[in-house]
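Colleague: This is what each chain is made of:
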Amino acid sequence: MARLVLSAPLDVRLLDKGMSVGEALAAFNAAHGEAGGVVSFLGKVRPDGGVRALELTFYAPLTLPGMEELAQTAINRFVLEGALVWHRVGVMTPGEAIVLVATAARHRRSAFEAADFLMDHLKSAAWFWKRERRDDGWHWIEPRGEDHADLVRWK
Amino acid sequence: MARLVLSAPLDVRLLDKGMSVGEALAAFNAAHGEAGGVVSFLGKVRPDGGVRALELTFYAPLTLPGMEELAQTAINRFVLEGALVWHRVGVMTPGEAIVLVATAARHRRSAFEAADFLMDHLKSAAWFWKRERRDDGWHWIEPRGEDHADLVRWK
Amino acid sequence: MSVTILFLGPLRDLAGEAEREVAAPLDWDGLLGAVGTDIAAQLEDERVNVACKGKVLADKRALMAEDGDEVALLPPVSGG
Amino acid sequence: MSVTILFLGPLRDLAGEAEREVAAPLDWDGLLGAVGTDIAAQLEDERVNVACKGKVLADKRALMAEDGDEVALLPPVSGG
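Residue numbers (my numbering), protein chains in the order written: chain C, 178 to 332; chain D, 178 to 332; chain L, 5 to 84; chain G, 5 to 84.
Certain hints may be false.
Simulated restraints, written as ranges between beta carbons of each label pair [as the list claims (entries may be wrong)]:
| id | chain 1 | residue 1 | chain 2 | residue 2 | range |
| --- | --- | --- | --- | --- | --- |
| 1 | L | Lys57 | D | Trp331 | 21 to 31 Å |
| 2 | L | Glu25 | C | Ala230 | 54 to 64 Å |
| 3 | D | Trp331 | C | Ala230 | 30 to 40 Å |
| 4 | G | Glu23 | C | Glu273 | 52 to 62 Å |
| 5 | D | Ala326 | C | Lys332 | 18 to 28 Å |
| 6 | L | Leu18 | D | Gly272 | 51 to 61 Å |
| 7 | C | Ala230 | D | Arg229 | 49 to 59 Å |
| 8 | G | Glu48 | D | Ala230 | 30 to 40 Å |
| 9 | C | His284 | G | Gly58 | 46 to 56 Å |
| 10 | G | Glu48 | D | Trp331 | 22 to 32 Å |
Some chain D residues near chain C, calculated using beta-carbon distances under 10 Å [as the list claims (entries may be wrong)]:
| id | residue |
| --- | --- |
| 11 | Leu202 |
| 12 | Ala203 |
| 13 | Gly214 |
| 14 | Val215 |
| 15 | Ser217 |
| 16 | Leu219 |
| 17 | Gly220 |
| 18 | Lys221 |
| 19 | Gly227 |
| 20 | Ala230 |
| 21 | Glu232 |
| 22 | Gly267 |
| 23 | Arg285 |
| 24 | Arg286 |
| 25 | Ala292 |
| 26 | Met296 |
If you are wondering where the hints come from, they were derived from the structure by calculation, not from laboratory data. Values in this document were obtained by computation on a predicted structure and should not be read as measured data. Backbone N, C-alpha and C define an ideal beta-carbon position, used for all residues, glycine too.
Based on the provided sequences and hints, a complete structural model is requested.
Modeller: Next comes the structure, spelled out in structure tokens:
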């Protein structure tokens, strides 16, 4: 297996197929050997509500640049040593990874807050459109009120 | 490499040598395929302040049972699908892992809060005693006021 | 002498196609006229953004697309 | 007919040893007398706990250790 090389301090990717989460986190950890704390969040497609598949569409000129700007904001705001922000696009099935975020900081509180901040923004302020396939076909997903409430915490 | 098998929903360990973090997180992720969100925290020995090594001592009849009770409390309080709580003891050098926590939940907020809760309690309410070796010898570490303030958040 | 209009997310279903070529230049009134009444109604929603040449417009009503430009219609995002 | 006293963390340095055998039975006054004045002073600190047979005593002053028991002196923890 070729060794995964991450760019530092920021590694931001849009992926059109599955990710190897353990390998990514091992590489991130190795890239930030001097950080006191490393936090990760992995979001996966949940099998409930009769969801058979999920599709994420994006707009190339905005989506990746927006993620890069978000990650840079997190690095500055939380004084991170590094951040990884990977997001799937395309069609995924239950159990598959949608998003992987990792943050490395001197102290654990900064790493926790930065990962939380990144996820809140990816969930409701990043350029993705989501639809789910259930037994009766595809349904577009509206942003949840809860997600907007999460976002307001960081203003 | 033998495949790492975790006990579910709780996997709590005291380790007297290094841990393979990527492998542990891949196994945890695989064990909780239906969880919507998985959060991890990895704490490592920082090389600053002239620290050459760190030693953690424990008291067998209390330390592991206390960690198991803490993890069970987190599972109940945050409605987790699973938790992993691994802690090193013995002598560690800068860059080595001290603690690895992972939480799996239906929603990301629960997983984040549970990992944060576990770390705050491991840092200041678990049966470990820590000393650091600097150029002038070993020094016992007193709990930091900041750690106690972190703990009060959960009362 | 054309502008490409891109329909993102649920607007794609409403448009029945992913993109449409229209005559350049294209301003706000031209856009409303080019996309049909259903999508024009959506565009009046403040939560629907418009990008031109890959940049989100601060004031979408000031749209002024020229030959070769791509205009993207961006409904509210629904997250990852 | 003995009780084992265990010194944890920094108390180990203060005691100069990891454990000490003393005569059973052992109550609170007996413990204070057995450990020397430096450690006895530490034991008066409310943040220092005492465990007997692997259980932390809710009231350490009610200690009553019998033959074969292990008494552990637990200074404030300093975390992982």
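Colleague: Would you mind marking each hint as holding or not holding in the structure?
Modeller: Taking the hints in turn, this is what the structure says about them:
| no. | hint | result |
| --- | --- | --- |
| 1 | Lys57(L) - Trp331(D): 21 to 31 Å | violated (50 Å) |
| 2 | Glu25(L) - Ala230(C): 54 to 64 Å | violated (31 Å) |
| 3 | Trp331(D) - Ala230(C): 30 to 40 Å | holds (38 Å) |
| 4 | Glu23(G) - Glu273(C): 52 to 62 Å | holds (54 Å) |
| 5 | Ala326(D) - Lys332(C): 18 to 28 Å | holds (24 Å) |
| 6 | Leu18(L) - Gly272(D): 51 to 61 Å | holds (54 Å) |
| 7 | Ala230(C) - Arg229(D): 49 to 59 Å | holds (53 Å) |
| 8 | Glu48(G) - Ala230(D): 30 to 40 Å | holds (32 Å) |
| 9 | His284(C) - Gly58(G): 46 to 56 Å | violated (34 Å) |
| 10 | Glu48(G) - Trp331(D): 22 to 32 Å | holds (29 Å) |
| 11 | Leu202 | holds (5 Å) |
| 12 | Ala203 | holds (3 Å) |
| 13 | Gly214 | holds (6 Å) |
| 14 | Val215 | holds (4 Å) |
| 15 | Ser217 | holds (5 Å) |
| 16 | Leu219 | holds (4 Å) |
| 17 | Gly220 | holds (6 Å) |
| 18 | Lys221 | holds (6 Å) |
| 19 | Gly227 | violated (14 Å) |
| 20 | Ala230 | violated (15 Å) |
| 21 | Glu232 | violated (17 Å) |
| 22 | Gly267 | violated (19 Å) |
| 23 | Arg285 | holds (6 Å) |
| 24 | Arg286 | holds (8 Å) |
| 25 | Ala292 | holds (7 Å) |
| 26 | Met296 | holds (6 Å) |
Going down the numbered hints, you'll see the structure goes against 1, 2, 9, 19, 20, 21, 22, while the others check out.
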